[in-house]
Each structure stands twice: as structure tokens, then as C-alpha cells.
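**Student:** Spelled out from the first residue to the last, the chains are:
2 protein chains.
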Amino acid sequence: MRVRLEDVARAASVSPKTVSRVLNDEANVTDATRERVRAAMEAMDYRPHPSARSLAGNRSFVVAMLYDNNDNPSSTYLAEIQDGVLEACDAHRYSMMVRPLRMRDGDFIRRLDALISDHHPDGVVLTPPITDYAPLLKRLREHKVPYASVSPQRRGKNLGVTMDEQRAARAIVEHLLDLGHRRIAHVVGIANHGASRWRLAGYHEAMAAAGLPEDPALVVQGAFTFGSGVEAARQLFSLRKRPTAVFAANDDMATGVMWAAGEYGLKVPHDLSVCGFDDTPLSRQLWPALTTVQQPSREMGKIAAEQLLSDLRSHGTGHLVQVPFSLQIRGSTAKAP
Amino acid sequence: MRVRLEDVARAASVSPKTVSRVLNDEANVTDATRERVRAAMEAMDYRPHPSARSLAGNRSFVVAMLYDNNDNPSSTYLAEIQDGVLEACDAHRYSMMVRPLRMRDGDFIRRLDALISDHHPDGVVLTPPITDYAPLLKRLREHKVPYASVSPQRRGKNLGVTMDEQRAARAIVEHLLDLGHRRIAHVVGIANHGASRWRLAGYHEAMAAAGLPEDPALVVQGAFTFGSGVEAARQLFSLRKRPTAVFAANDDMATGVMWAAGEYGLKVPHDLSVCGFDDTPLSRQLWPALTTVQQPSREMGKIAAEQLLSDLRSHGTGHLVQVPFSLQIRGSTAKAP
DNA sequence: TAGCAAATTGACAGCGCTGTCATTCCTGCC
DNA sequence: GGCAGGAATGACAGCGCTGTCAATTTGCTA
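Chains A and B, in that order, are what the protein sequence lines are. For the first sequence, my numbering begins at 1 and goes up steadily by one. For the second sequence, my numbering begins at 1 and goes up steadily by one.
There may be inaccurate statements among the hints.
Since copy identity is lost for identical chains, a pair holds within one copy or between any two.
Under the rule of at most 30 Å between Cα atoms (straight-line distance), these lysine-lysine pairs were calculated in the DSS-like manner [as the list claims (entries may be wrong)]:
hint, residue 1, residue 2
1, Lys241, Lys157
2, Lys17, Lys241
3, Lys17, Lys138
4, Lys144, Lys157
5, Lys241, Lys267
None of these hints come from the bench; they were simulated from the model.
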């Protein structure tokens, strides 16, 4: 039979309420008592019943991770964030609930309301690109459901985690500049995504800092997919003056660029340098391996969830954490021809 | 304030217990009463409190989806299954919990036990490759937690969903044979995975049926990844007598094969036909688009969850459903040179 | 039309915890 | 040594629902 809090209380010779206090890390328990209760819990392998805690304590121990599976960056990216969030939730004995929401759907808010009234999550983790969708944020605030974001566009006093993508993008373009490239193209991601904007801004910044004139033909729209990378590259390779390097806003598109290079008989990196962003597993499997920016997605998911949980525990302790990036210089970039 | 069952009862002039009966689709309620209660629920937008239901009814309304994120087929595949499972759970007002478990880790069973004692899932959905891991199944039975599987290797009286992958593999190889190919290679997936075995068996079957001699050099080991596809292809292209067609056990490896073809100056499909398996989004983005077998992963996840939920509701009503496959003949395969 | 079984409905306790508030146990200090 | 005041602990009700079983109504049969 299940071990209950009452059983632990009896074993530790205290009242159930005291065990509850220890369980919830509440104040006003002497160290000796706390230790005794802890030992009893341990010895009996006590597991609190989440539903009972939830019912009595008016909280759910559930964190919902919201994402947009329509307009999403890539399933690998989301899967990694999910893993990170899950790890953090696990560590704090929270459970994670995942929730696809399609921003473009009319019933977006209705589905959010349903999530909240059906499951009462204690908090929510938002992932790109829905970190900055105003109606969503408004609704969450109305329901008083705290949230933390992964790579939000607006950096306010909100919780979550970011990376300085603009500086990272600038750094990778500077790497190309250092290699002697001057005609450097950029394949942009989906418009309105923060990722697209920051990476483009970093590209502009690096080019401007190098005193290079902007050639609008070298900035091509993509959509974060392999296919869009192929198409963007075809446009670039059809120019009278081809670029000698392409910085794609993510690895999938960069892979598409490398693919298209093959079609045009361009050898990477001899004739063309290519770099991406994200450091997906794919980038290491390519040949040559892709120069890219490591974005620690899993870690970022974990941090976002931790900030949320910390803030749930004691309001005001959550922050917006910035994680460092690191360039992964690999075989796909080389001296300009 | 929250609408409670009691409020609905008052509005419908019945006892709380009767509302509960309607909520749980129990027998012995007159149609008139049932209707009246339903109307009241609707009018008041009543949402039962899952924790209260769970606590009183000794069930959790939670379905856990277990997967191996170490040795997994691909995150896209898992993400699609997850979406399907989630859809089914939502429809039945269950919540879904995801759970990575590493089969190769020593604490596999401990983590499973923790999942069960912490969250008490009413049922579990298993995904490849952990659908047939004996210690896992044993433990689930010991805990009396019902499970349904996606593509289990053993077809017993268990619940879940399958596709006749062997016949699908045979069909796609026959497609190559129809195009006049005789030297057809196969890139195998991770050993022990059902998917690898069935697809290989289908390949053998088709070749044998066509009366073609087996050339062991044409069967190369891969690992379901893009990179392993590239390497396998390099082996194949280094043979004195190259294959004219390659059937890779999944799309990622097929993409790798196409990539390697470029390295060797082989034009797809002119010099080499390539086909894959899964019909991932990637397969349509490639140029030429990949001939492959459509595996309706999302649908399969949904079906597996539905069978599980059906069986939870009334024991014995869940089945092992077989879904049809369909060949997606696209640009990557053509007449033998 | 009485009489009985089956169908329908309801009363009530209790699932395992936590919030509230009362009680007891310590301190330090005059 | 006695007492105020805060720290530690406990008693008890109740969170919102369902299981059990009792009460009532209904539908038949004789």
C-alpha cells in the first residue's frame, strides 16, 4: 500500500502538518525535526500524492511548455528545449505538460483558456516564436499565470533566458571577413521571428563595421527550412557576381545552401564558404562539417524553466539570464578564393 | 470563482453524485436527467478539477509517452508521434506527460518506478525502440500500468498501432525493379530496431522474388542519421561495380546518400536512383524530391493513444491497429541508366 | 391494483494533503 | 524567578470529487 504523509508523521513522531512543512521547505522547523522527518521520508520512500497536494494547496505542480508547431523553427530545436524544461521540472518534482498552439489559428486564446481551466498550470514556458505574441501574454497576465520565455524579443523585466544572437551573428560574419571574404550573403529566416531579426542585424553590423557597401541582392529571404535554403542559394548563385560566402540564419538553411552549391558545381569551402546558426546535430554530420554558432537550446530550456520555478517558489527571484554563445569553426569556411 | 460540481448539481436540481455520473458516462441515469445535467454543465462552462477527480477516483487522467532520446530514430519522428498522442489525450481530457528513458542507462528501471510512483499514469504509450524492451514491459505489468505501442516488434495481443513496414519496403524496392534497376543497394538502420529489420527483410524479399542474386557488398550498415547515410554511400560508390539505386532505411540516410552522390559527381536520378522511408518534411524539400514511403507518424501516435484510452475506459476494447502505407514516388528515382 | 425487482437517485464519508489558527515550547531580559 | 514574545508544533476542517450503500421511483407481472 501507498505510504502516506501520515505514515511518515507517525514514524518520525511528529504531526502530519510538520511533515508537510518539511516537504514544502517551510520555515519554523528545527533542524533536528527536519532531519528526523527527512530520514523517515527517505527510509519509507515516501512520495507525496501530487493530486492531494494540488487539491489541498491550490496549485498544480504543472508547468506547461507552449510552442507553435505550425510556424515553428524546427522540431529538433523544440525537442531540445523540451528536454531541458523537462529536466528542470523533474529536478523540482514538477510535471511538464506540452502544448502546441497555432498563433495563426483563430481559436488560439480559446485553447489557451482551455489549457488553463483544465489543467491550472502553475507557470508556463514560452518558446519562439510565441514569446512575444501580445494577446497571449495579456491573457496569461489576466489569468495570473507566471511565464518564462526562451529567447524573447522584448527584454523587459520578464523571466527567461536569452543569448546575444546579434553579437553571435556579427562574430560569425567577422570570421568570414577575417578569412578575406568581401561578398558575403545572408539568408534570412522567417520574418518577425526574433532570431531572424537579430541575425540579420548582426550581419549588417559586421558588414558596416568593416566598411563594406551593402548589396541588397546579397540578402535573400528564407524560411528556416532546408528547402528555403536551397532556393535562396539558387538565387544567389544566379547573380552575375556571386558571393564567396553565405551566412544562413540557421543550420537547416545552411545545409540547403551547401546542397545547392553542389548543383552549381561549387566546392565548399574552396569555392564557397558557408556558415549557419544553431549547431544542430546535422551540422556535424555534414561534409565538410558546418561552421556555426552553438546555441545551447537544451540548456536554455532548462534555465528558462528554472527561472520560472524559482519565481514560483519565491516571487521575485526569477531573472532573465543571458547564456554565452560560442562559434564552432569547422570545415565549411575557408579563405576567400 | 471556480464552478464546482456542486454548483452544477444545484443548477440542475440533482445531487452531486448524479452530476458525477453524467461526467463519467456512467450507466443508470435517465436520458432526461443526463440532458439536463449536460445543459447545466455547458451553461456554466463547468470544468472538473482534475486533481479532485484523481484523488477521489484513484486515477490520474495522465498518459505518459515514453521514448528513448539517446538511441532515437529522429526528433522529427518523435515530435510527430507526440503530437498525435497529445491530440488523442486532449480529445478525451487526459493529459500527456512525456518521459525520456535511456535504455542503455543503468537507472532505467529506477526512473520508470519514479515516474509511476510520482505521477501514477493511468497508461503509457511506448515508442520505438523501447516498445519491446523486456525489462520495461515486465515492470509495467508488475505495476499494472496498461500500455500501447507504436510499431512494436512483437505482435501479440497487445495494444497499439503498426504498419506493414516489410511489405512497404518490398513495394519500394519493387518500384526500383520496375524501373529496370538490378544492382540495388540497401542502407540498413540501427541494428535491433524493428524498423531496420523489417525494411531489410522487405528488401531481401523483393530481391529474392525478382530472382536476383544477393550481393552482400550492397547491404551496408547505417545508423538512421544523415551522416551515416553519407558514409554508407561512400562505401557503395567505392565498389568496382556501383549500384544504380539505393534504398535507404530512412529519409535522413537517403538524404545522406544523395549528398554523397554529389561528391562523386553522380546525378540523381540520372545516374543513381535513391529512395528512403518515412516521408519526413525534409524529403519534399530536397531536389529532386525523395521517393519514399509515407509513414503516418502523427496518425500512428494518435491511434496508439486512442487504443490505450479505449482500453482504459473499458478493458478489452483496445486493439492492435494496422495502418496502411503509401508510396510517394517522386523525382529521386528514375529508369536505370 | 397490489407486489416485487430493477432502475434511478441521493446521503455521506473520505481520498491525502495543506491552510488557519490554537497551543506549547523556548528564548532573553528585568 | 517570572514573564513577554517569538519560534515550533499540532488540531482540525476542508479542497472537489467519487465509492459505497441506502432510499426512492419506475416498470412489470399476476
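**Student:** Are the CA atoms of Lys17 and Lys138 at most 30 Å apart within a copy, between copies, both, or neither?
**Tutor:** neither (38 Å within a copy, 38 Å between copies)
**Student:** Treating 30 Å as the Cα threshold, decide for Lys17 and Lys241: within, between, both or neither.
**Tutor:** Neither: 76 Å inside a copy, 78 Å across copies.
**Student:** Give the relationship of Lys144 and Lys157 under a CA distance limit of 30 Å: within one copy only, between copies only, both, or neither.
**Tutor:** within (16 Å within a copy, 47 Å between copies)
**Student:** If the cut is 30 Å between Cα atoms, do Lys241 and Lys157 qualify within a copy, between copies, both or neither?
**Tutor:** So Lys241 and Lys157 fail the 30 Å test inside a copy (46 Å) and across (65 Å) alike.
**Student:** At most 30 Å between CA atoms: does that hold for Lys241 and Lys267 within a copy, between copies, both, or neither?
**Tutor:** both (17 Å within a copy, 26 Å between copies)
Hint compliance for this structure: hints 1, 2, 3 are broken, all remaining hints hold.
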